[in-house]
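**Q** For the record, the sequence lines run as chains A, B and C.
Residue 290 is where the first sequence ends in the working numbering, and the numbering goes up by one at each step.
Residue 574 is where the second sequence ends in the working numbering, and the numbering goes up by one at each step.
Residue 643 is where the third sequence ends in the working numbering, and the numbering goes up by one at each step.
Because the hints were derived from the structure by calculation, they are not lab data.
Please note that the accuracy of each hint is not assured.
A short, non-exhaustive set of chain A residues, derived as facing chain C with CB atoms under 10 Å [said to hold, decoys possible]:
| # | residue |
| --- | --- |
| 1 | Leu27 |
| 2 | Leu57 |
| 3 | Val58 |
Partial list, derived from the structure: chain C residues whose beta carbon lies under 7 Å from chain A [said to hold, decoys possible]:
| # | residue |
| --- | --- |
| 4 | Phe593 |
| 5 | Leu613 |
| 6 | Leu616 |
| 7 | Met619 |
| 8 | Arg641 |
Glycine residues also receive a C-beta, built at the ideal position from the N, C-alpha and C atoms.
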Amino acid sequence: MRNPRTGWLLLSPTLIILLLFGFAPFLYVLFVGFNQWNVFSADDGLVFNGLDNFRRLVFDDDFLHSVGLTARFAIFAIGSEVVLGFVLAQMLTRNFPGKSLFRIIHTLPLMVAPIAVGAIWRLLVIPGFGPVPFFLDRWFDLKYQIGSYPDQALWTSVIMDVWHWTPFVTLTMLAGLSAIPKEPVEQARVDGANRFQVFWYVTLPFLRPVLLTTVFIRIMDAIRTVDEVWMLAGGGPGTRFTGIYIWRVVFPRTDYGYGSSISLITLYLTIVLCWLLFIAISGRRKGEVE
Amino acid sequence: MTISFRQRAWRLFVTYGFWIFTTIVTLLPIWWMFVVSMRSRVELFGRPNLSLSRFFVENYTNVLTDSTFQRYMTNSVVVSTSNALLVMVLALLATYALSRYKLTGRDNIFFWLITNRMAPPAAFLLPLYIMFTRTFRLGDWTLYDTQIGLILLYCVFNLPFAIWLLKGVIDGIPIELDDAAMIDGAGLWGVLRHVIVPLAAPGLAVTGILSWVFAWNEYLFAANLTSVQARTITTGLAEFVTVTGTNWGELAAMSMLTLIPSAIIVILAQRYIVMGLTFGAVKE
Amino acid sequence: MQEQETSKGKKEINGFLPFYTNAFDRVFIGVVILIGIHLLWLRFMEPALPIEAATVISLVIGYIVVRRG
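If we strip away everything but chain A, and leave its shape as in the complex, we get:
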């Protein structure tokens, strides 16, 4: 009755589009990654140079630094988003007048285009223009200039990302929380578990798939963030994340071969990380209830 051929037929338009616009460019990048190619140079030439790009890459301090920065950015941003999102979702499971209004307001940042988010935050933090440096200087005597202090730039982009993406985490958590059956929680309460125990032993296991999927999606998107941060800081110090570093190598420097090899390694790291998470989500670990 269910012929696999029909299944493939249903899947085929998706696969064709993804092969054409996703996989074909990947093959091209893979090919160019092993070549020396300066796109706009006078002598038009792809020169095969084997592993030279990668040899250069593993010693490229700027690149390694950008990976470290991206990791810090992703960990801090996603960590705060998950905690905040969970707290907010927990608050939203209660009933109180005006709840849906607050929920709508809280969802708004998710809808702002990343490029506009960058613009808004730039407006907030530009020295001599935005209110943030002005009031920080006035009230706390704190010199705040994301152009000069890399740490401040990093933290600003983390906060911006938290502002932008916490609503997404809240919504998924809220969906996850409302799907949790009531009986186990009540049973645990009756058995004398305190709030923390209920959370740790009942709520969290139920929430695990949703939580991991959310983290998965956020990691994926955080690593490839470009436009927001670019708009905010223009690729200044402290915000040279891998995506932006690739951008700088490919466009102003037009070193396309090297840019491709960096992209490949970034993709490699992302896929490995996400694959591990995927294994955790799909519950294929040994020793679990079968």
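Chain A is fixed; fit chains B and C onto it per the hints.
**A** For chains B and C alone, kept in the frame of chain A given last:
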């Protein structure tokens, strides 16, 4: 359980305090954008002032009466709506296939689909540019600077996401319902239309909404793969920064205008969003 | 749950890896290890031994993973 009046008052106080604080933090950047959009060039510099002094709507009228802006807006609406519809249909079919048929290696397909979304965009722009300008061509017509090009391209990052969202939803629909419909003589389309679509409606709605928002908000590809005809609103936004020496007032006005359509959609569809975003948590 | 039915097919191998894998998964793990070893080799071992040594090592590891993982 009896809760005293004082306890209840305290709980209410905490709840509202918390939410008012959250609201302020959430709205402050948007409010500031609004304030900036209501100021002329001269007023902007000087002591930062968070209050709205007057309604200076010239920024808005400038942007709105600009024919370029109108074209960008139309393009954005066309591209994101078509993309969302296309993604909904294709993702429904694909997810149904992944969920109901015993396809070889379907767990692997499921994961590798989403890797399409992981590619760092910068380096993938060049092959896409080449494809758009040279590979796909019919006479003088190429995909470059066309709406259809963007619509198809956005599928690359929207489709995997949509399939991930829908997988949980469709897995949650008991397969017995399919079988019952089939025994009653429904074909594949009958099952999809009368069983799957009605039951997966919230999930499908969220898929459509989020795809729409992602497509509406996309910038990098739109900026590099279009030139005049098919530019979208986000690229127009970025042009303010580079070309015209950053006219912050108009930039902010335009940001506000790009926010409004997606905000309206989200407000209208608020209920479905929570119902649909479960990522398979509702199994059983 | 539906996934577990399929992931219990006869092609799944219960090897030394801490989760159930099918052939495709193990080839993937092999490739991941191959790339990882090559990169680390370029960074740390290149002056001492040429890169071909890394290829040999990772092919051996890959073979073990694919057969027994």
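**Q** Does each hint fit the structure? Answer for all of them.
**A** Cross-check of the supplied hints:
Given hint, leucine 27(A) at the interface with chain C, is violated; its Cβ is 15 Å from that chain's nearest Cβ, farther than 10 Å. A hinted interface residue such as leucine 57(A) counts as satisfied when its beta carbon comes closer than 10 Å to some beta carbon of chain C; here the least separation is about 8 Å, so the hint holds. Among the interface hints, the one on valine 58(A) holds; its C-beta lies about 4 Å from the nearest C-beta in chain C, closer than the 10 Å criterion. Against a cut-off of 7 Å between C-beta atoms, the interface hint on phenylalanine 593(C) holds, since the closest Cβ of chain A lies about 4 Å away.
The criterion of a C-beta within 7 Å of any C-beta in chain A is met by leucine 613(C), whose closest approach is roughly 6 Å, and the hint holds. Taken as an interface hint, leucine 616(C) checks out: its beta carbon lies about 5 Å from the nearest beta carbon of chain A, inside 7 Å. For methionine 619(C), the interface hint is violated, the least distance from its beta-carbon to any beta-carbon of chain A being 11 Å, above 7 Å. Of the supplied interface hints, the one on arginine 641(C) is violated, with its beta-carbon coming no nearer than about 19 Å to a beta-carbon of chain A, more than 7 Å.
In this structure, the hints that do not hold are numbers 1, 7, 8, in rising order.
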